[in-house]
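**Student:** Whenever a hint applies, use it, and build me the whole structure from the sequences.
For reference, the chains in residue letters:
There are 2 protein chains.
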Amino acid sequence: MASPFDIAIIGFGKIARDQHVPAILGSERFALAATVDSHGPGLDGVPHFRSLQALLESGVKADAVAVCTPPQVRGQIARQAIAAGLAVLLEKPPAETPGGFAALKALAGRAGVPLFTAWHSRFAAMVGEAKAWLAGKTVIAGRISWRESARKWHPGQRWLWEAGGLGVFDPGINALSILTELLPDPVVVTSSAFEVPSNCATPIAATMTLESGDAVIAVDLNFLEEHGEVWELELTTDGGTLLLSRGGAALSIDGAPAKTALDTEYATLYAHFADLLDRGESDADPAPLGLVADAFLIAEISPAEPYHD
Amino acid sequence: MASPFDIAIIGFGKIARDQHVPAILGSERFALAATVDSHGPGLDGVPHFRSLQALLESGVKADAVAVCTPPQVRGQIARQAIAAGLAVLLEKPPAETPGGFAALKALAGRAGVPLFTAWHSRFAAMVGEAKAWLAGKTVIAGRISWRESARKWHPGQRWLWEAGGLGVFDPGINALSILTELLPDPVVVTSSAFEVPSNCATPIAATMTLESGDAVIAVDLNFLEEHGEVWELELTTDGGTLLLSRGGAALSIDGAPAKTALDTEYATLYAHFADLLDRGESDADPAPLGLVADAFLIAEISPAEPYHD
Numbered sequence: 013m014a015s016p017f018d019i020a021i022i023g024f025g026k027i028a029r030d031q032h033v034p035a036i037l038g039s040e041r042f043a044l045a046a047t048v049d050s051h052g053p054g055l056d057g058v059p060h061f062r063s064l065q066a067l068l069e070s071g072v073k074a075d076a077v078a079v080c081t082p083p084q085v086r087g088q089i090a091r092q093a094i095a096a097g098l099a100v101l102l103e104k105p106p107a108e109t110p111g112g113f114a115a116l117k118a119l120a121g122r123a124g125v126p127l128f129t130a131w132h133s134r135f136a137a138m139v140g141e142a143k144a145w146l147a148g149k150t151v152i153a154g155r156i157s158w159r160e161s162a163r164k165w166h167p168g169q170r171w172l173w174e175a176g177g178l179g180v181f182d183p184g185i186n187a188l189s190i191l192t193e194l195l196p197d198p199v200v201v202t203s204s205a206f207e208v209p210s211n212c213a214t215p216i217a218a219t220m221t222l223e224s225g226d227a228v229i230a231v232d233l234n235f236l237e238e239h240g241e242v243w244e245l246e247l248t249t250d251g252g253t254l255l256l257s258r259g260g261a262a263l264s265i266d267g268a269p270a271k272t273a274l275d276t277e278y279a280t281l282y283a284h285f286a287d288l289l290d291r292g293e294s295d296a297d298p299a300p301l302g303l304v305a306d307a308f309l310i311a312e313i314s315p316a317e318p319y320h321d
Numbered sequence: 013m014a015s016p017f018d019i020a021i022i023g024f025g026k027i028a029r030d031q032h033v034p035a036i037l038g039s040e041r042f043a044l045a046a047t048v049d050s051h052g053p054g055l056d057g058v059p060h061f062r063s064l065q066a067l068l069e070s071g072v073k074a075d076a077v078a079v080c081t082p083p084q085v086r087g088q089i090a091r092q093a094i095a096a097g098l099a100v101l102l103e104k105p106p107a108e109t110p111g112g113f114a115a116l117k118a119l120a121g122r123a124g125v126p127l128f129t130a131w132h133s134r135f136a137a138m139v140g141e142a143k144a145w146l147a148g149k150t151v152i153a154g155r156i157s158w159r160e161s162a163r164k165w166h167p168g169q170r171w172l173w174e175a176g177g178l179g180v181f182d183p184g185i186n187a188l189s190i191l192t193e194l195l196p197d198p199v200v201v202t203s204s205a206f207e208v209p210s211n212c213a214t215p216i217a218a219t220m221t222l223e224s225g226d227a228v229i230a231v232d233l234n235f236l237e238e239h240g241e242v243w244e245l246e247l248t249t250d251g252g253t254l255l256l257s258r259g260g261a262a263l264s265i266d267g268a269p270a271k272t273a274l275d276t277e278y279a280t281l282y283a284h285f286a287d288l289l290d291r292g293e294s295d296a297d298p299a300p301l302g303l304v305a306d307a308f309l310i311a312e313i314s315p316a317e318p319y320h321d
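Heads up: the protein sequence lines correspond to chains Z and W, in order.
Here the first sequence stands for residues 13 to 321, where the numbers follow this note's numbering.
Here the second sequence stands for residues 13 to 321, where the numbers follow this note's numbering.
Hints may be right or wrong, so weigh each one.
When chains are identical, the list treats them as one kind, so a pair holds in a single copy or across two.
Unchecked claim - List time: in silico EDC-like cross-link candidates among lysine to aspartate or glutamate, alpha-carbon distance up to 20 Å:
hint	residue 1	residue 2
1	K117	D75
2	K117	D297
3	K143	E223
4	K271	E238
5	K26	E277
6	K271	D290
7	K117	D197
8	K164	D287
9	K149	D275
10	K117	E223
11	K143	D266
12	K271	D75
13	K73	D290
14	K26	D232
15	K164	E238
16	K73	E241
17	K117	D226
18	K26	D56
19	K26	D321
20	K26	E174
21	K164	E244
22	K149	D49
23	K73	E277
Quick caveat, the hints were computed from the structure, so don't treat them as lab data.
**Tutor:** Next up, the structure:
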């Protein structure tokens, strides 16, 4: 067994604590070398720094970083990590803009540093089985319904509502990451409509029409769902209908009772990252972020009530 | 001399009449086979149709189309032309979204049909000389000021103000097309701020900060300039300062009197298209549209007064 990769988590907020720490601590392939957060605390017994620069100057060894900050500062941190020769895992979205991501990918390529766009929902329990079921079938229509409560899931995350924070597309991009993984043809945004609170720069609700091959996919994203979560993706094919629910953790075919499996989303994601590191390769797919940018470019905007946590 | 290419203009509005017709009629490489417009009239003596479909069914021969419609319907027309085996020149912007353009480019590639993103400002008189002057120099800063009167230049063009119409980025994308032609490094949008009239879906004024290599470029786009046109791009290098003005038609180095040349923008553009057709090749660059999408994705939005022609 190779010795584990020393990894540092940059941006030690909710997703880092809820998902990255358990996945890293539960993996034989990684050791948590350090955490970095510009304001908040770290973990007992793990070196903690206020900046990546401070970590780099400390002498603490790191092979890789997992960048879990808000997207607005992700690019700058990733560039610094690449310059230091560290492999980079980027929480979704991988950059603030598709253009920023393309520049980052080119930089990592020139530096020979593995870059991983960690679209975590692609590693949800039933996504692989859904993809296998779709093989050889033609998708003729689809529907995404991705609804949750921002107040319940994202209290205090003001960056979501600031320019570049994506608003309801922060969860919604998870659905788009599954969709682009499942469909063989490119996905194109043909219309979009946003509701933007008067005190926010980003949408709190959005609808889109997507096209892929001959299929039209209706998308409904909402951050004001107070009656439980709806994280569903349905595809109608010439050979039956597939429904992924619970964010990809449950799969139902033709209305049969949903099949589930143990949730190993971030464990599988980190196993894939270890595999990339072993091979010195990148897995850097900008497609879901591209769809969001396209939606912003052509959106009909309606004003909405101010949002407060 | 080979016989001229039969070309049809689709979307017979202002840009088609002002620029495409004279360039085609003035070229030995093209013959104007037909015009298409869903509502307006054509030209005396040239077959005119209400749709591309009607043209295709008419028996009038065409080798290529120049698509000059508003961007919102460009993709559908281009797909139809590619399916019919016609080469496609796309007025800027080449598609409604970067994702839509990527799908179009893939379609043209599979069909073996030449596709040309006609960024006309790249063919302005002094852009080539500016690019030659920049060779071997390092750009350390830059500034774009692209200001004109929408009331003077675009009266009645309601599509500019509808979702997908780009607003002030319709002229502004010309500046971005020159910038991306001149700079060797990728250009990344790091911030943007829009003013959006309360009765419009698109900005009437915008500022952006761009980065390319180590250079920072400040961009000022405005559609309410009533004191003449300002179409300027300035680049400061380690070997002097370049100022392109009049949309690329005039060039000044280090403050010297501006040098100009005869305006042959669309004539040169069509000569390039003929060259692509001779070789069966495409020239399909999405970069300027990508910058606009990135700017929309991270824009701070300020409300502005309603706009009326």
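**Student:** Using 20 Å as the alpha carbon limit, work out where K117 and D197 are close: within a copy, between copies, both or neither.
**Tutor:** between (23 Å within a copy, 13 Å between copies)
**Student:** Please sort K149 with D49 into within, between, both or neither, judging by C-alpha distance up to 20 Å.
**Tutor:** neither (46 Å within a copy, 39 Å between copies)
**Student:** Within a copy, between copies, both or neither: where do K143 and E223 come within 20 Å Cα-Cα?
**Tutor:** within (18 Å within a copy, 39 Å between copies)
**Student:** Taking 20 Å as the upper bound on the Cα-Cα distance, should K117 and D297 be classified as within, between, both, or neither?
**Tutor:** both (10 Å within a copy, 19 Å between copies)
**Student:** One pair to classify: K117 and E223, alpha carbons no more than 20 Å apart. Within, between, both, or neither?
**Tutor:** between (27 Å within a copy, 16 Å between copies)
**Student:** Should K143 paired with D266 be assigned to within, between, both, or neither, using CA atoms and 20 Å as the limit?
**Tutor:** within (15 Å within a copy, 60 Å between copies)
**Student:** Is it within, between, both or neither when you check K26 against D321 at 20 Å Cα-Cα?
**Tutor:** within (16 Å within a copy, 49 Å between copies)
**Student:** Given a CA cutoff of 20 Å, do K73 and D290 count as a within-copy pair, a between-copy pair, both, or neither?
**Tutor:** For K73 and D290, the Cα distance is within 20 Å only inside one copy (18 Å; across copies 58 Å).
**Student:** Within a copy, between copies, both or neither: where do K271 and D290 come within 20 Å Cα-Cα?
**Tutor:** neither (33 Å within a copy, 57 Å between copies)
**Student:** Please sort K26 with E277 into within, between, both or neither, judging by C-alpha distance up to 20 Å.
**Tutor:** Classified as within: same-chain Cα gap 16 Å, cross-chain 54 Å, threshold 20 Å.
**Student:** For the identical chains here, do K26 and D56 meet the 20 Å Cα criterion within one copy, between copies, both, or neither?
**Tutor:** within (17 Å within a copy, 68 Å between copies)
**Student:** For the identical chains here, do K26 and E174 meet the 20 Å Cα criterion within one copy, between copies, both, or neither?
**Tutor:** Within one copy only: 18 Å inside a chain, 39 Å across chains, cut-off 20 Å.
The structure fails to meet hints 4, 6, 8, 9, 12, 14, 16, 22 and 23 from the earlier list, while all remaining hints are met.
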